[in-house]
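**Student:** These are the residues of each chain, in order.
4 protein chains.
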Amino acid sequence: MTQIIKAGIVGATGYTGVELLRLLANHPNVEVCAVTSRSEAGVAVADYFPSLRGVYDLTFQTPDDARLNECDVVFFATPNGVAMKEAPALLAAGVRIIDLSADFRIQDIAAWEHWYGMSHACPDIVPQAVYGLCEMNREAIQTAQLIANPGCYPTCVSLPLLPLLKAGRLKNGMPLIADCKSGVSGAGRKAAVSALLCEAGDNFKAYGVGGHRHLPEIRQTISRLQENVADHLVFVPHLTPMIRGMHATLYLHLQDGTDPQQILSDFYADSPFVDILPSGSTPETRSVRGANLCRISIQKAPQQNVWIALSVIDNLVKGAAGQAVQNMNIMFGFADTAGLNSVPLLP
Amino acid sequence: MTQIIKAGIVGATGYTGVELLRLLANHPNVEVCAVTSRSEAGVAVADYFPSLRGVYDLTFQTPDDARLNECDVVFFATPNGVAMKEAPALLAAGVRIIDLSADFRIQDIAAWEHWYGMSHACPDIVPQAVYGLCEMNREAIQTAQLIANPGCYPTCVSLPLLPLLKAGRLKNGMPLIADCKSGVSGAGRKAAVSALLCEAGDNFKAYGVGGHRHLPEIRQTISRLQENVADHLVFVPHLTPMIRGMHATLYLHLQDGTDPQQILSDFYADSPFVDILPSGSTPETRSVRGANLCRISIQKAPQQNVWIALSVIDNLVKGAAGQAVQNMNIMFGFADTAGLNSVPLLP
Amino acid sequence: MTQIIKAGIVGATGYTGVELLRLLANHPNVEVCAVTSRSEAGVAVADYFPSLRGVYDLTFQTPDDARLNECDVVFFATPNGVAMKEAPALLAAGVRIIDLSADFRIQDIAAWEHWYGMSHACPDIVPQAVYGLCEMNREAIQTAQLIANPGCYPTCVSLPLLPLLKAGRLKNGMPLIADCKSGVSGAGRKAAVSALLCEAGDNFKAYGVGGHRHLPEIRQTISRLQENVADHLVFVPHLTPMIRGMHATLYLHLQDGTDPQQILSDFYADSPFVDILPSGSTPETRSVRGANLCRISIQKAPQQNVWIALSVIDNLVKGAAGQAVQNMNIMFGFADTAGLNSVPLLP
Amino acid sequence: MTQIIKAGIVGATGYTGVELLRLLANHPNVEVCAVTSRSEAGVAVADYFPSLRGVYDLTFQTPDDARLNECDVVFFATPNGVAMKEAPALLAAGVRIIDLSADFRIQDIAAWEHWYGMSHACPDIVPQAVYGLCEMNREAIQTAQLIANPGCYPTCVSLPLLPLLKAGRLKNGMPLIADCKSGVSGAGRKAAVSALLCEAGDNFKAYGVGGHRHLPEIRQTISRLQENVADHLVFVPHLTPMIRGMHATLYLHLQDGTDPQQILSDFYADSPFVDILPSGSTPETRSVRGANLCRISIQKAPQQNVWIALSVIDNLVKGAAGQAVQNMNIMFGFADTAGLNSVPLLP
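The listed protein sequences correspond, in order, to chains C, D, V and Y. Counting in full-length UniProt numbering, the first sequence runs from 1 upward without gaps. Counting in full-length UniProt numbering, the second sequence runs from 1 upward without gaps. Counting in full-length UniProt numbering, the third sequence runs from 1 upward without gaps. Counting in full-length UniProt numbering, the fourth sequence runs from 1 upward without gaps.
In case anyone wonders, no lab produced these hints; they're calculated from the structure.
Calculated lysine-lysine pairs in the PhoX-like style (CA-CA distance at most 25 Å, straight line):
| # | chain 1 | residue 1 | chain 2 | residue 2 |
| --- | --- | --- | --- | --- |
| 1 | C | K6 | C | K85 |
| 2 | D | K171 | D | K300 |
| 3 | V | K171 | D | K300 |
| 4 | Y | K300 | C | K171 |
| 5 | Y | K300 | Y | K166 |
| 6 | D | K190 | Y | K190 |
| 7 | V | K171 | D | K171 |
| 8 | C | K190 | V | K190 |
| 9 | Y | K171 | Y | K300 |
| 10 | D | K171 | V | K300 |
| 11 | Y | K171 | C | K171 |
| 12 | C | K300 | Y | K171 |
| 13 | V | K190 | V | K85 |
| 14 | V | K6 | V | K85 |
| 15 | Y | K190 | Y | K85 |
It should be emphasised that the depicted structure is a prediction, and the values quoted were computed from it without experimental measurement.
With these hints in hand, go ahead and build the complete structure from the sequences.
**Tutor:** Written as C-alpha cells, this is what we have:
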C-alpha cells in the first residue's frame with residue numbers, strides 16, 4: 001500500500017510556491033491539502049496560476065484557516081523572516097518543516113542578523129535545523145524535523161566543491177573564485193522595477209559585488225568540510241536575461257596530484273541528481289531546465305595551475321523547490337526520485 | 001500486467017524528435033527501442049541532447065540498422081518528403097505509423113503537390129491515412145494504421161472551431177480570420193539565418209501572408225465539418241520572439257442566437273487536453289508550456305457582431321509530439337493521459 | 001544662426017521620458033533645461049539613467065523648482081491625469097505643450113472620463129488641443145499651443161488607414177479588424193508583476209479584449225476621415241515578449257477597384273517617416289528599432305476580398321517620444337528630421 | 001569646408017558590416033561609395049537590410065566591380081582569412097585599411113597560424129599593422145596605413161587593464177582571471193544551429209574553456225605593457241541570451257598601495273569613449289547599447305586582497321564597428337566623436 005502524507009505550503013503565490021505545486025502534483029506519496037496566502041485568501045489556486053487549471057482543486061487560505069498543524073510536512077515558500085515566526089508552533093505540534101527561505105540556514109545568529117537585517121525570532125531553534133544540501137547531509141536529513149533548504153547559489157557552488165573539500169584537496173590560502181550567473185526568477189515574483197522585462201531583458205550585469213547574503217552561507221558549508229579555505233572565497237553574482245537557470249564558474253587551486261574528475265565521479269556515482277560530465281564538457285543551463293539536476297564539469301585552464309569547475313542547476317528546482325521535495329523524500333523514506341523524474345525541457 | 005509496446009523514432013535529432021523522447025521517457029507503456037538519424041548515426045542520444053543524459057541509453061542508428069519493422073509503432077519526426085518514401089514498407093510489415101510531417105495530411109494529392117513542391121511518392125496510401133486531430137477523429141484513430149499528425153497552426157485554429165462547425169454555427173459567406181502567432185521552435189532545428197537569436201529575437205513579423213502550407217490543411221478540416229466556410233478563411237501567421245508557444249486569435253461571424261461558450265464547454269466536457277476558459281479570459285501561451293493542452297476562450301467584440309476566440313498550445317506538444325503520443329495512446333488503448341500528465345512549466 | 005529653444009520634461013523617469021532625453025541630446029535646436037520628478041528630485045539624470053552618463057549634466061527637480069514657465073516647450077511624459085492639472089497654468093504663461101499622456105486625446109469628455117476613470121480637470125481646454133498625428137494634422141500642429149501626442153496603437157493603426165479613409169475607400173458596414181502586438185515597454189517603467197521578465201518573457205497573450213483605452217482614440221480618428229467605418233472597428237491588442245516594437249495586422253474591406261498600394265505610396269511620397277514597402281513585403285519591428293519610422297505594406301489575402309495591411313513602429317519613438325519631437329519640429333519650424341535621423345539598430 | 005573621404009566596405013552582409021553602415025550613415029566626413037558581397041552582388045543594400053531603407057542607395061557589388069582602390073579607406077568586415085589576401089594590393093594602391101577580422105592582430109605568425117588553423121597569406125605585411133586599440137595606440141594609429149581592429153573580448157578585457165599594466169601595478173606571478181560574457185551577435189550572422197533562438201535563448205553556458213582565439217590576442221597586449229603577467233591570464237568566455245553586449249569580470253591581484261580607481265580615472269580623463277564609474281558601481285551592458293562606449297568599475301572583493309574590475313561594451317560597436325570608425329577618425333584627423341555620438345538605446 002502506498003504511503004500518502006499530507007503537505008502544506010505557506011506562501012504559495014511566489015515562484016518557489018508554484019514550483020512546489022508543479023512537482024507535488026505528480027508525486028505518488030503526497031497530497032497537498034493546504035496552501036496559504038494572506039493576500040490571496042479565497043482565490044482558487046487554478047485561477048491564480050493558469051498553468052494549474054485542472055490540476056488542483058485547492059483555494060488559498062489564511063494561515064489561521066489552513067490547519068497546518070494537521071499536516072505531516074509544511075513547506076515555507078515565504079520571504080525571509082516569516083518561517084522563523086511560525087515554525088516553533090508547528091514543530092511543537094509535531095509537524096516536520098522544510099523552510100525554503102533563509103531563516104534557518106546560518107548557525108551563527110549574529111552573522112544571520114547582520115546579513116538579513118533583522119533580529120532572529122527563534123535563535124534557540126536554529127541549532128536543530130539541518131542544512132538540507134542533500135548530497136552533504138543525507139543522514140541528518142532522514143531524522144530532521146526542521147530543514148533549512150539551501151539557497152540557489154550555495155547549491156550551485158557547493159556541489160562541485162563538496163567532494164574536493166571533503167577530500168581536503170583545496171590549496172590553503174589561495175583565492176577561491178565563484179563567478180555566478182542567475183536567471184531572473186531568482187529575484188522572485190514581486191513587483192520590482194529591476195526585474196521588469198524591459199530592465200533585465202537584453203542586459204547583463206553583476207550585482208551584490210560588495211557583499212551578498214549567500215556568501216556567509218557558502219562559507220559556512222566550506223568551513224565544515226576543509227579548514228583555511230572559506231575565508232578566501234570571492235563570490236560575484238550576475239543577472240542574466242533568462243527566466244530559469246544558474247551557472248557557476250569556479251576558479252580553484254587544488255593541491256598537486258589531485259584528480260578532481262575522479263574524485264567527483266566517485267563521490268556522485270550513486271547520486272541520481274548530480275551528473276559529472278566528461279572532462280572538457282561545458283554544461284548549459286537548459287540541460288537541466290525544469291529538472292532536479294546539477295550537471296558539473298571540471299578541467300584545467302590551459303597552461304595554468306588553475307582548475308575551472310562549471311556547474312549548472314535550475315535555480316527553482318535543484319536550487320529551491322526540487323531540492324525541498326528531495327529533502328522531503330529523504331525525510332519520509334520515499335524513493336529519491338519520487339515526483340522528481342521529469343525530463344528537462346529542451347528547447 | 002502492464003502492456004509495453006516497442007516504439008521507433010525516425011529522424012530524432014530535431015525538436016519534435018527530442019520532444020517525443022522527453023514525453024516517452026516517462027510513458028508507462030512504451031519502450032523506445034530505435035532512434036534513427038543518417039547524419040548522427042553512432043552518436044549516443046545522451047551526448048547529442050544534453051538534457052537526456054541519464055535518461056536514455058540509446059544510440060542513433062541509420063534507418064537500415066534500426067530494424068524499425070520490429071517496432072509496434074514508428075514516429076516520423078522527419079522533414080516533409082521522407083515518411084512518404086519509407087512508410088509503405090513499414091505498413092506492409094504491420095507497423096503502425098504516426099507521421100509528424102505533412103506527407104499524409106492533405107487528401108487532395110494535387111493540392112499537396114502544389115503546396116509542398118514535390119511529387120507524392122505514395123498517393124495510393126494517402127486515403128487510408130487518418131488525420132490525427134484527436135478530438136475530431138477519435139474513433140478512426142483507434143483502428144488506424146497510419147496517422148497524419150496535424151500541423152501546429154491547424155491544431156491551434158481547428159480546436160476552437162471544431163464544435164462550432166460541427167453544430168453548423170458559422171455564418172455562410174463571411175470572412176473567417178485566423179491571426180496566428182508562433183514561437184520560433186516551429187521553424188525547426190535547422191541552421192537558418194532567419195531563426196538566429198539575433199534575427200528572430202526582440203522582433204515581430206508576419207510571414208507567409210501570400211500563402212502558407214497550413215492554409216489548405218485547415219480548409220480541409222473546416223470543409224469536412226460545415227459547408228461554405230472554408231473558402232472564406234484568411235490565415236496570417238506571425239513569428240514571435242519566444243521558444244515555445246502558439247496563439248491563435250480568431251475573428252468569427254456566428255449565426256444569431258449562438259451560445260459558443262456553451263457549445264465549446266459541452267463539446268470538450270470530457271476532453272482531458274482541451275480547456276475552455278470562462279468567457280472574458282485571455283489564455284497565455286506559458287499556461288500550456290511543455291504540456292499537451294489547448295486552452296481556449298471565446299467572447300464577443302465590444303459592440304460588434306464579431307466573436308473573438310483565443311486559443312493557445314505549446315506548438316511542440318499539443319501542436320506536434322504530444323498530440324502524436326495522444327494518438328498513440330488512442331491507437332493502442334492506453335489511458336489518454338499516459339505519458340502526458342506533466343504540469344506546465346511556469347515561469 | 002541656429003535657433004535654440006528651451007525644453008522642459010515633466011515626469012522624466014519613465015520610458016518615454018528617457019527616450020525624449022535620448023532624442024533631444026543630439027537635436028541641433030533644443031536645449032533641455034529642466035527635467036522634473038517628484039520622487040527623484042535632487043538625483044542627477046546621469047545617475048538615474050546609466051545610459052545618459054556624460055550626456056546630460058541635469059538634475060531632476062520638483063515641478064515647483066523647475067521654472068517650467070520659462071521654457072519654450074514642455075513635454076509631459078507623465079501618467080494620465082497629471083498634464084490636465086498642470087497644463088492650464090503653463091498655457092497661460094505662453095508655454096507650448098506636448099502631452100505624451102492621454103489627457104487631451106479624446107474630444108468627447110464623457111467618453112474620456114468613462115475610459116480613463118476620472119473627472120477631467122480642464123474640459124474647457126480640450127477643444128484647443130491638436131491631435132498630434134503629424135501626417136494627418138500637419139497644418140494645425142504648426143500653430144498649436146497644445147498637442148495631444150497620439151497613443152502607440154492609434155499611431156500604428158491609423159497611419160495605414162489614413163490615406164484610404166481620406167479617399168473614402170473603406171467599405172461601409174464591414175468589419176475593420178486591427179490585431180495588434182506590442183512590446184512590453186508599452187506598459188511603462190512601473191513596478192508591476194505582469195511586466196516582469198519572468199511573467200512577460202517567453203509568453204504571448206491578448207489583453208484588453210473587452211475594451212482598451214486606445215479604441216475610442218482610433219475611432220475618433222477614423223470618424224474624422226470617413227463615415228460609417230469607425231463603429232465597425234474591432235481592436236485586439238496582444239503582448240509580445242520583446243522590449244520595443246509594435247506590429248498591427250489590419251484586415252480591411254475596400255471598395256471595388258481600389259488600388260491601396262498606389263494610394264498609400266502617393267499619400268506618403270514626401271513623408272520622411274512613413275515608408276510604404278513594395279506589395280507582398282512583410283515589415284518587421286526591428287527594422288524601425290530606435291527610429292521615428294512607420295513601415296507599412298498592404299496586400300490582398302489569397303483568393304479573398306480582404307486586404308491585409310501590416311504596419312510597424314517603435315512604440316517608444318514614432319509611437320511616443322519620436323512623434324513628440326516631430327510635433328515640436330513642426331511647431332517651431334525646424335527641419336522635420338532634426339534630432340530624428342538615427343538609423344534603426346539592427347540587430 | 002568639410003573634408004569628405006570615400007569609404008568602401010568589404011563583406012558588408014554580416015553584423016559588423018551593417019553596423020558600419022549604420023554608424024557611417026550619419027558621419028559628416030564619410031561617403032560610403034562601395035559595399036561588396038560575393039553572394040549578394042546586385043542586391044540593393046536597402047532590400048537586404050530593411051533597417052537601411054531610405055538611408056543608402058547602394059547596391060552590393062563583387063569585389064572586382066567595386067573599384068575599392070579608388071577609396072580613401074576600406075573596411076574589411078569579412079570572415080578571417082579574406083583580408084590577408086586582398087589587403088596587399090589595396091595597400092600598394094595607397095588605400096588605408098581597417099581590418100575588423102583577426103588577420104593582422106597577432107604579430108607572432110606561428111601563433112596566429114596555430115590558433116586560426118590556416119597559413120597566413122602575407123606574413124611580411126603583418127609587422128606594419130597597427131593594433132587599433134585606440135586608447136593604447138593613438139599615435140601609431142594616426143599614421144597607420146593598416147589597422148588591425150581588436151576583437152571584442154580583447155577590447156573589453158584590455159581597457160580596464162591598460163592603465164594598471166602601464167603603471168606596472170599587477171602582481172607578478174598571480175593568476176589574472178577574465179570571466180567574460182557575450183551576447184550572441186558575437187557569433188556573427190551565419191546560419192549555425194548553436195546560435196538559433198531556440199538553442200541560445202533562455203540558456204547560459206561557457207565555451208572555448210580549453211582555448212579561445214582571443215586568448216593570445218589579450219596576452220599580446222598585456223605583454224607589451226607589463227612583464228610576467230600575460231602568462232598567468234585565465235580567460236573563460238560565456239554565451240548569454242541577448243543580442244548585443246559584452247561584460248568582463250576581472251579578478252586582479254594588485255601590488256600593495258595601488259589605488260586603481262585613481263589610476264583609471266586619471267588615465268581616461270580625456271577619453272570620450274571610456275567611462276570610469278564611481279567605486280562600488282556595477283555597469284550594465286544596456287548602458288552602452290548601440291554606443292561606442294566602454295564603462296568600467298573597480299572595487300575590492302570584501303575582506304580579500306582580490307580586486308574586481310567590471311567592464312561593459314557593445315560588442316558590435318566599441319567591440320567592432322564603432323572602434324573601427326574611431327580608428328578611422330584618428331587616422332584622418334576627424335573629431336573623435338564624428339559619427340559616434342549616438343546615445344545608448346535604453347530600454
